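Protein chains in written order, with this note's numbering: chain V, 542 to 852; chain S, 1186 to 1507; chain F, 1044 to 1373.
Hint data in this document are derived by calculation from the structure and do not stem from the laboratory.
Just so we're clear, the structure is a prediction, and the values are computed from it rather than from any experiment.
Ideal Cβ positions, reconstructed from N, Cα and C, are used throughout, including at glycine.
A couple of the hints might just be wrong.
From the derived model, a few chain S residues whose C-beta atoms are all more than 10 Å from chain V [stated by the list, open to error]:
id : residue
1  : L1214
2  : T1231
3  : D1263
4  : Y1281
Example chain V residues on the side facing chain F (calculated, C-beta under 8 Å, incomplete) [stated by the list, open to error]:
id : residue
5  : R565
6  : E622
7  : A747
8  : S749
9  : R756
10 : A759
11 : H761
12 : S768
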Amino acid sequence: MTALPPTLPARAADSGLFTLFARRFREHRLAVGSLLVLCLLATLAAAAPLAEYVLGLDANKVDLAQRLAPASLAHPLGTDELGRDLLLRLLHGGQVSLLVGITAALASAVIGTIIGLLAGYHGGKLDAILMRCTDGVIALPLLPLLIVLAAVDLTKIGLPESLARDADVSLYRMVVIIALVSWTTVARLVRGAALSLREREYVLAAVSSGAGPFRIMAVHILPNVVSPIIVATTLSVGNVILLESVLSFLGLGIQPPIASWGNMLTGSQELIWSAPALVFWPGALIFLTVIAFNFLGDGLQDALDPRALSR
Amino acid sequence: MTRYIVQRLGESIIVIALMSFLIYALIALMPGDPIDLMINSDPRLTPADAARLRAVYGLDRPLMERYLSWAGAALSGDFGNSRLHVRPVLDVMPGYLLNSVNLMVLSFILSVAIAIPAGVYAALRQNTRVDHVINLLCFAGISVPAFWLALMLIILFAVMFPILPASGINSIGGGGFLDTARHLVLPVATLTVFSIGSYTRFMRAAMIEVLRQDYIRTARAKGASENRVVWIHGLRNAMIPVVTVIALSFGTLFSGALITETMFAYPGMGKLIFDSIMGNDYNMALVTLLFATAVTLAANLLADIAYAWLDPRISYDGGGQA
Amino acid sequence: MSTAPLLEVTDLTKHFPVGGGWLGRGAGRVHALNGISFSLHAGRTVALVGESGCGKTTAARTITRLYRPDHGRVLFKGEDLASLSGTALKSARRAVQMIFQDPFGSLNPRLPVATIIAEPLVIHGGVDRAEQRRRVADVMARVGLDPRDGDRYPHEFSGGQRQRIAIARALIIEPDLIIADEPLSALDVSIQAQIMNLLKDIRDERGLAFLFITHDLAVVDHFANDVAVMYLGHIVEMASRESLFAHPRHPYTRALIDAVPVPGAGKRPRGRAIGGDVPSPIDMPPGCPFHPRCPRAIAACSTIPPKLNPVAADSGHAVACHNPEPEPAP
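Next up, chain V with everything else stripped away, as it sits in the complex (with noise of 0.2 Å):
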């Protein structure tokens, strides 16, 4: 390696640990195969202006005359008990759902980095604390709580009455109130991963020579437990969507006019008879996104883990 001129061998070195991530990526099949579907799906969900440019439809156009229409030329899928096109408003809701699923998966990774650097590094009684209201968080029942606090009404918090119900903001409030209770997987892992890496000898190094808590936590923590943050984010995505879509489903999430893989399937139970095309879909999208987004993080864990090499 030595006899290589003076700038290829870093590339080289970088590009191995790449190669090798590639490589043992490329192995897991399944993951792979997710990352298609999932850029599949991104791609259909960003081209539903385009469908409904070509359709000549809006997704939120209601025809009462076309109700519950069987698949045609016209309308692919059909359309919904509002004479909605089935095919548009699963495109739009595959949008919603992904934003949502990505945007509060990774606000939740930012708010639990922050908190389990700041408890792994700093240590003490911060840490104590951090820790105290992390395992109070866990402990949490989950989808009650997320009930509880989808149902607030923003207007007694202060927030202008045309504010609060427009249907927009309630994209926003499923990102925040999912944000604020699944940060706690990544804020054990950072600080955990804090806590021991704050002993190397390099972050000692660092400290001696002066450097500032966040220098150290910037530049030398942080980069080194990229990885399983990656990871247990991308495994973040596929609850987000599930958690998003249950509450969408249960009317407290997305608010229509805006479709949501879950706010779709609200009232189908009045549908399993007459149409259960309408029920499946959703469900199904939502099934494979997440199932996708699971696959995904497996194979990056997989793929990242030092350890699996040795498997």
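Chain V is already provided as a structure; the job is to place chains S and F on it using the hints.
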């Protein structure tokens, strides 16, 4: 050990106290208040009447003050009346609780009875086709939205092939053991699918970890039979983390029960929580939510104690772990 | 020595709580450092010698304020490091750099070595990027690394090269004092001599002061001006290198010196090994910490802790012992 348990109990009580305030505050933030509901049901009430009523019920007082007076009454055993049931909250709960216990215990036994052998088997046949299939099924179970699974089961077994009831706990006018059992099939199936995937994966992971340990190799080297190695040496040690994880998953099971009971109109605690929140039944919502929190905390505490008890290497009485 | 010392450590004490306990309340304490005192003048080298677990690493880390001392003072250029904090501590740290034992653990695996070496410059600021790069290249060349290897990562270097990287990082900010905590013990024997010579050359050409922590008296003989011998958190003997090797007064020092293999003189020339094990630093023996293992112990040793007192013959030589080895014949 005793000191550890007492300390953890103390912490749990603090968490419950904090949660009771949090839930109280959140419920106060939900749309409407009891007076709004009265105004809705009696159009003759004027805004002046409403203000006077708020004063009578103490709703004009600050949140903390109202909470403290609620907590004072609660500590003396008075949790108020349910608005929807028009009875004291504590009279309503037991029936629902019993139904939930039936549902959850049945589903718990079923999932553990399947998950443990399946997990052990997958661990022994690591990276074979069987292992892959079990893994795939686990992921499917973890990833399926429970409410949609319930809908699909209803469509399949109550609509397309009408062999099972789609909702409730007894047929109208019916009853008896068989009828109740038939009503339990779909809810129990849904709740079992909800939890079995993660149990199996934990069992498999714990077993693989244990089978790599030196004492398993020693047992094999000594010539112990494979069955003995797996079931006596292996499973017993692998159960330690699994028991903890299963107990820790109790909060999740509660969430699953809420969805399942709501989907099948099964009158259990989960449905009671959901209905009371949606129906502005404040007293009921408060008590049921707190109850769910307390039960989850108790399960976590039991998990930790079981862990300490099963694993003699862990000392909780301070010292000795330098 | 009439000038004020560069570093003056007085009665430095550090205990660690042991065991869990809620919110960090400990059940016992490890007496890692029990009131050590010594001083170090500019350009000189003091070696802190002792077996593993004697508190020498704790001493190094407490002096650099990686640990907060429970008691005592660390005067560096007249400022008490033990009581500084915030920006004052940061600027004081500029002049004191550390080299650690494990060259695999002391370099962040995620950073290219040029970034690692430049870190002290970045932390203390005031140097632009071009200057940074120039100084990194200079210091890499000085410690015997190819400056063109700056964008490689630590795992691509051997143990000896990594220790050179750690030395470069310590040198780049031009400190007055380097604290080296067993910088050789993780290296192959063949590499140790190279690194030793590198440290010596750099010390001599830059007039650096060194606090050199080691368990190996043979290394001390090559490098140190003064030697302090530690046992269970106490300094038991302190002297110039010549005086200590020629006339060790503490039985523990004597045993350590006797244990050093002398080439061509058989395995243990005056073979007097110490029996027994080092007592636990949690349950410290009363009196002299060494008395349970001491071949010269007398009654007072088990009750009265000995003080570090100068010996009559040599004012620079001090020993903490009730019954020291006899003085050399004049």
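Interface-negative label, T1231(S) against chain V, beta-carbon threshold 10 Å: 23 Å, holds
May I ask you to test the interface hint for A759(V) with respect to chain F, counting a Cβ-Cβ separation under 8 Å as satisfied? 12 Å, violated
Using the nearest Cβ pair, does R756(V) come within less than 8 Å of chain F? Status holds, d = 7 Å.
Could you check if R565(V) really has its C-beta closer than 8 Å to a C-beta on chain F? 18 Å, violated
Interface hint status, A747(V) versus chain F (Cβ within 8 Å): 6 Å, holds
Regarding the hint that H761(V) lies at the interface with chain F, is the smallest CB-CB distance below 8 Å? 5 Å, holds
Is the Cβ of L1214(S) more than 10 Å away from each Cβ in chain V? Per Cβ check, L1214(S) is inside 10 Å of chain V; nearest 4 Å; violated.
Residue hint S749(V), partner chain F, criterion CB-CB below 8 Å: 5 Å, holds
Given S768(V) was flagged as interface, is its beta-carbon under 8 Å from a beta-carbon of chain F? Hint violated; S768(V) Cβ to chain F Cβ min 11 Å, cut 8 Å.
Find the nearest Cβ of chain V to the Cβ of Y1281(S) and say whether that gap is larger than 10 Å. 14 Å, holds
Should the interface hint for E622(V) be scored as holding, given a Cβ-Cβ cut-off of 8 Å against chain F? 55 Å, violated
Reported absence of D1263(S) from the contact zone with chain V (all CB gaps over 10 Å): 22 Å, holds
Of the hints listed earlier, those the structure fails to meet are numbers 1, 5, 6, 10, 12, in rising order.
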